[in-house]
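A.B. asks: Take a look at the letters that make up each chain.
Protein chains: 4
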Amino acid sequence: MEKKTLLTHCTDAPGLIAKITSICYQHKLNIIHNNEFVDNPTGQFFMRTELEGQFDDPAFLADLDAALPPCTTRRLVDSTRKKIVILVTKEAHCLGDILMKTYDGSLDVEVAAVVGNYDNLRQLTERFDIPYHFVSHEGLNRQEHEQKMLEVINQYQADYLVLAKYMRVLTADFVGQYPHKIINIHHSFLPAFIGARPYQQAYDRGVKIIGATAHFVTNDLDEGPIIKQDVIPVDHNFSASDMAQAGRDVEKNVLSKALSKVVDDHVFVSGNKTVIL
Amino acid sequence: MEKKTLLTHCTDAPGLIAKITSICYQHKLNIIHNNEFVDNPTGQFFMRTELEGQFDDPAFLADLDAALPPCTTRRLVDSTRKKIVILVTKEAHCLGDILMKTYDGSLDVEVAAVVGNYDNLRQLTERFDIPYHFVSHEGLNRQEHEQKMLEVINQYQADYLVLAKYMRVLTADFVGQYPHKIINIHHSFLPAFIGARPYQQAYDRGVKIIGATAHFVTNDLDEGPIIKQDVIPVDHNFSASDMAQAGRDVEKNVLSKALSKVVDDHVFVSGNKTVIL
Amino acid sequence: MEKKTLLTHCTDAPGLIAKITSICYQHKLNIIHNNEFVDNPTGQFFMRTELEGQFDDPAFLADLDAALPPCTTRRLVDSTRKKIVILVTKEAHCLGDILMKTYDGSLDVEVAAVVGNYDNLRQLTERFDIPYHFVSHEGLNRQEHEQKMLEVINQYQADYLVLAKYMRVLTADFVGQYPHKIINIHHSFLPAFIGARPYQQAYDRGVKIIGATAHFVTNDLDEGPIIKQDVIPVDHNFSASDMAQAGRDVEKNVLSKALSKVVDDHVFVSGNKTVIL
Amino acid sequence: MEKKTLLTHCTDAPGLIAKITSICYQHKLNIIHNNEFVDNPTGQFFMRTELEGQFDDPAFLADLDAALPPCTTRRLVDSTRKKIVILVTKEAHCLGDILMKTYDGSLDVEVAAVVGNYDNLRQLTERFDIPYHFVSHEGLNRQEHEQKMLEVINQYQADYLVLAKYMRVLTADFVGQYPHKIINIHHSFLPAFIGARPYQQAYDRGVKIIGATAHFVTNDLDEGPIIKQDVIPVDHNFSASDMAQAGRDVEKNVLSKALSKVVDDHVFVSGNKTVIL
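In order, the protein sequence lines correspond to chains A, B, C and D. Under the UniProt record's numbering, read the first sequence as residues 1 to 277, first letter to last. Under the UniProt record's numbering, read the second sequence as residues 1 to 277, first letter to last. Under the UniProt record's numbering, read the third sequence as residues 1 to 277, first letter to last. Under the UniProt record's numbering, read the fourth sequence as residues 1 to 277, first letter to last.
Simulated from the structure, these hints should not be mistaken for lab results. Just so we're clear, the structure is a prediction, and the values are computed from it rather than from any experiment. Honestly, I wouldn't trust all of these hints.
One copy or two, it doesn't matter: identical chains are merged, so the pair holds either way.
As a list, the in silico SDA-like pairs of lysine to any residue whose alpha-carbon atoms are at most 25 Å apart [stated by the list, open to error]:
| # | residue 1 | residue 2 |
| --- | --- | --- |
| 1 | LYS3 | SER239 |
| 2 | LYS19 | GLU50 |
| 3 | LYS83 | MET167 |
| 4 | LYS19 | ASN30 |
| 5 | LYS3 | ASP242 |
| 6 | LYS257 | SER239 |
| 7 | LYS19 | LEU277 |
| 8 | LYS82 | GLN245 |
| 9 | LYS261 | PHE238 |
| 10 | LYS3 | MET243 |
| 11 | LYS19 | PRO58 |
| 12 | LYS4 | PHE238 |
| 13 | LYS4 | ASN30 |
| 14 | LYS273 | ALA240 |
| 15 | LYS19 | LEU51 |
| 16 | LYS90 | ASN120 |
| 17 | LYS181 | ASN272 |
| 18 | LYS83 | GLN245 |
| 19 | LYS257 | GLN157 |
| 20 | LYS3 | LEU277 |
Turn these sequences into a full structure, and let the hints guide you.
C.D. replies: Next up, the structure:
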């Protein structure tokens with residue numbers, strides 16, 4: 001008995017749940033969990049179906065494809081661990097959290113490599129027996145640096161890139177190579193405090209809550225589909241750097257939770273939003 | 001086009017989702033939302049299906065019943081507002097919250113009457129044009145008092161009774177007349193601080209969080225299926241009465257949210273637990 | 001034995017706590033709670049001291065004023081209930097929450113009157129025996145309308161005005177009559193979604209959390225000192241109007257909590273921020 | 001300019017804040033933060049005063065001691081990092097979180113050693129260049145095992161012992177050697193689910209929230225003074241082992257936060273409660 005997850009995204013139509021689940025039943029695939037969502041304003045149908053059984057009959061997918069509307073995006077994913085490459089700059093907390101959670105088994109992902117534009121986080125990474133690549137940006141323009149980064153990254157054929165406080169803006173070219181495959185942690189409760197130094201902005205505004213946002217990276221900086229957000233309370237006792245320190249806990253928790261949802265195939269992208277089933 | 005909700009609870013079997021959704025589709029009933037859950041340890045299947053269409057063909061239910069296992073509990077509920085009777089003692093906050101939320105439309109329920117073993121909350125109730133019945137327990141034993149309460153309550157043919165800080169224990173006879181139809185708010189995070197004076201107990205123990213629990217009432221005091229729980233932080237500055245005061249906000253929020261889930265037919269009872277779909 | 005609260009705000013200097021608490025001690029005033037805060041970047045000192053004793057000796061305040069720096073703002077407030085006037089438009093939830101909490105004693109404030117630019121909320125208000133004034137804005141320009149509002153409001157000599165979903169922007173003239181005395185609830189987690197229709201903006205952006213902000217009103221719309229913020233999680237299931245509905249709970253809770261802090265003299269304004277002691 | 005923290009705990013009396021802060025002022029010690037609390041039911045006074053200045057004049061402490069009641073516990077602690085020894089069994093998450101937080105600087109403590117009754121966590125510990133001691137309990141009675149543990153532990157002269165999912169009950173003898181110096185993480189929201197297998201108990205009861213509790217260890221198992229508690233929501237989808245997995249995040253966060261408060265000298269013990277200033 002194998003387990004696989006069927007992910008269906010198409011234009012909504014009558015009877016889609018019945019059609020899909022009936023085909024599963026006919027092929028003796030047992031449904032463990034089924035979640036669906038119809039986005040009424042856009043008329044889009046999303047369904048995530050965890051299945052158990054024998055998947056060796058190719059007629060299963062053929063039957064599905066025959067029954068579903070032509071524009072359907074349909075994936076049947078097995079439970080192989082996803083592979084990620086993590087991009088970092090200098091801060092350890094998000095990287096460390098992912099490394100520790102993969103170590104203790106609470107995050108089910110393979111960290112293929114860590115790539116940094118500084119060399120600071122080599123020791124931490126290598127302690128977990130993971131290769132670290134230092135690709136300095138010094139003396140390079142943005143395109144040159146990204147080119148070198150991609151040479152390193154692409155060799156790993158990662159399912160996702162994770163920007164774990166990677167503090168450089170990516171070009172459209174770079175992003176275009178990993179569409180909806182790059183997850184970033186932004187150190188504010190987007191769309192508040194877009195741009196540089198969000199904790200300083202939060203301090204200056206006197207907010208009583210700070211947050212963090214994990215999102216897919218698109219060409220529009222800080223505007224990609226949001227996967228997960230969370231917040232913590234602050235007060236007048238917090239300096240801007242206290243806020244940054246307190247925010248690190250939120251950042252790493254939000255990033256880990258978003259990553260977990262993505263690699264377990266719970267996240268659909270729908271325009272500039274996510275649907276999480 | 002009408003909207004109804006199909007609630008199915010039966011022993012799990014292969015193909016149940018496909019069978020139910022196919023019958024809906026054959027009868028041109030469109031599925032707006034569908035949620036299902038299988039409780040593996042007990043092998044129970046639960047599904048909640050929001051439908052839209054014409055329900056006048058009796059063959060729909062006949063087809064469903066023919067397709068489902070014999071032991072199935074199957075209900076097709078329309079969107080008529082549920083009717084509740086609220087039981088109170090002296091404290092206003094839970095009653096007031098329900099009255100205000102029905103007034104401003106954020107809680108979709110009809111408060112048929114309020115019944116109190118004191119007369120304190122008459123004015124508040126009547127300001128919302130709802131009948132108030134004072135049924136004193138003085139000079140009566142428990143059975144006699146409950147008998148008088150039931151005479152008042154039963155005339156309203158309520159879907160649910162809500163104990164909004166009703167501070168008397170109900171007998172098995174009373175509870176037996178409203179099985180899984182009585183919702184209580186307990187002023188602690190059950191199962192902590194079962195029994196009397198939970199805030200004093202919480203204070204004595206020096207806890208850093210207090211909570212409230214909404215549950216269905218069964219014969220086992222404080223042991224019925226839990227519908228909703230929530231908590232708030234407290235600290236050394238809180239006296240036992242500060243905790244009680246702070247707890248009121250949690251109590252009323254938890255009770256209102258539990259009630260909302262129940263009257264919108266999201267709550268299944270499964271043994272001494274709830275499944276909320 | 002009387003209880004009063006001493007509120008001190010001045011430029012920081014060595015020995016301020018010792019000086020103030022020593023003068024209290026010399027005048028046999030017992031300190032029940034003392035909270036202080038120094039804002040290092042601005043060099044401002046804030047202290048809130050709850051005192052118990054006999055306050056009839058005028059030398060107490062004279063001694064304090066002699067010991068403190070010249071620029072000090074020093075207030076000794078007694079425990080008289082503060083008086084508020086509530087401004088509303090059409091939505092009931094924030095008004096209803098304040099009315100109910102003053103009724104059940106969980107908010108210690110006197111609602112002197114409710115003033116609305118529609119007549120919708122008259123019945124709810126009058127059920128709590130509070131005068132309701134309908135001051136329509138129709139056919140009036142902003143100044144004329146505000147002038148009529150102020151004629152009604154000013155007769156009550158309120159300590160604070162509370163904008164409980166009052167949906168009109170106030171002019172600088174109006175605000176200038178109640179400096180740091182007007183509390184507004186904004187239906188977003190400021191500074192996200194400044195301006196009109198924040199729930200629609202939140203929906204369009206696909207955020208996973210929505211919030212509310214209570215702040216003092218200043219001339220800069222949505223930019224006044226923030227008193228309290230809170231949030232709730234949302235997801236792809238929420239339409240813009242679902243978010244608005246869910247947000248109402250946060251709005252009313254945030255406004256009530258902010259109001260409670262303000263009327264119990266916990267809130268200092270420091271530039272465009274608050275210090276809450 | 002040095003920084004030290006003055007911790008005062010004594011019977012309440014008039015003028016204590018004035019006396020202490022005046023002596024600080026006379027000795028030219030500037031108060032950065034001051035927090036006090038009087039527990040009225042027990043008449044105990046607690047104050048935590050962060051000071052900055054020159055501490056070389058012995059008259060400062062002499063003056064304090066002369067001014068304070070005889071029973072006072074008074075400590076002046078410098079900002080030296082506290083030293084801890086961590087006790088573990090098999091689970092990595094709490095240990096890993098402390099190691100990572102000390103590594104990235106978000107927890108300011110020195111981990112002197114890790115001692116385990118299994119050898120599982122050696123590799124993780126040694127990757128952070130910290131000594132690991134394996135002290136098996138096999139073939140030993142409780143006293144013999146604790147004796148061997150203490151021989152290892154005592155050589156480090158730790159300020160605190162941290163039980164990071166150390167799954168053995170400590171004897172009164174062991175606890176007596178580190179009074180209010182042993183911090184445990186209990187995997188439930190105490191006092192709910194005291195005893196063994198709390199997640200299974202929580203699952204069986206059908207709770208909607210699970211939690212964790214960090215507390216000082218005393219002779220009464222699960223009854224020591226609570227330092228910190230936190231919770232997360234669960235629902236019918238969680239098996240007992242899902243709850244245990246989800247609970248790990250809460251456990252490690254609660255333990256780290258409690259530890260941070262303790263080693264920064266914010267925590268007073270008052271009977272079987274804590275006062276956190």
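A.B. asks: Each of the hints needs a verdict: does it hold here or not?
C.D. replies: Verification of the supplied hints:
In the homo-oligomer, the alpha carbons of LYS3 and SER239 lie at most 25 Å apart only across protomers (18 Å), although the nearest pairing inside one protomer, at 50 Å, exceeds that limit. Taking the shortest Cα distances, LYS19 and GLU50 sit within 25 Å of each other both inside one copy (16 Å) and across copies (17 Å). Taking CA atoms no more than 25 Å apart as the test, LYS83 paired with MET167 passes inside one copy only; the shortest distance there is 22 Å, against 34 Å between copies. Taking identical chains as interchangeable, the C-alpha atoms of LYS19 and ASN30 lie at most 25 Å apart whether they share a chain (15 Å) or sit on different chains (13 Å).
In this assembly of identical chains, the alpha carbons of LYS3 and ASP242 lie at most 25 Å apart only when taken from different copies (18 Å versus 46 Å within one copy). When the C-alpha separation of LYS257 and SER239 is checked against a cutoff of 25 Å, the pair qualifies only between copies, where the shortest distance is 19 Å, while the shortest distance within a copy is 27 Å. For a Cα distance limit of 25 Å, the shortest separation of LYS19 from LEU277 qualifies both inside one copy, at 19 Å, and across copies, at 22 Å. Taking CA atoms no more than 25 Å apart as the test, LYS82 paired with GLN245 passes between copies only; the shortest distance there is 20 Å, against 30 Å inside one copy.
When the C-alpha separation of LYS261 and PHE238 is checked against a cutoff of 25 Å, the pair qualifies only between copies, where the shortest distance is 16 Å, while the shortest distance within a copy is 32 Å. For a Cα distance limit of 25 Å, the shortest separation of LYS3 from MET243 across copies, 22 Å, qualifies, whereas the shortest one inside one copy, 43 Å, does not. Proximity of LYS19 to PRO58 under the C-alpha cut-off of 25 Å is found in both arrangements, the shortest distances being 17 Å within a copy and 23 Å between copies. Taking identical chains as interchangeable, the C-alpha atoms of LYS4 and PHE238 lie at most 25 Å apart only when they sit on different chains, with a minimum of 20 Å there against 47 Å within one chain.
Taking identical chains as interchangeable, the C-alpha atoms of LYS4 and ASN30 lie at most 25 Å apart only when both belong to the same chain, with a minimum of 10 Å there against 27 Å between chains. In this assembly of identical chains, LYS273 and ALA240 lie within 25 Å of each other by CA distance solely across copies; the values are 14 Å between and 30 Å within a copy. For a Cα distance limit of 25 Å, the shortest separation of LYS19 from LEU51 qualifies both inside one copy, at 15 Å, and across copies, at 16 Å. Taking identical chains as interchangeable, the C-alpha atoms of LYS90 and ASN120 lie at most 25 Å apart only when both belong to the same chain, with a minimum of 6 Å there against 31 Å between chains.
Taking the shortest Cα distances, LYS181 and ASN272 sit within 25 Å of each other inside one copy (14 Å), while across copies they are farther apart (41 Å). Taking the shortest alpha-carbon separations for LYS83 and GLN245, only the inter-copy value of 22 Å comes in at or below 25 Å, while the best intra-copy value is 29 Å. In the homo-oligomer, the alpha carbons of LYS257 and GLN157 lie at most 25 Å apart inside one protomer (23 Å), although the nearest pairing across protomers, at 38 Å, exceeds that limit. In this assembly of identical chains, the alpha carbons of LYS3 and LEU277 lie at most 25 Å apart whether taken from the same copy (17 Å) or from different copies (24 Å).
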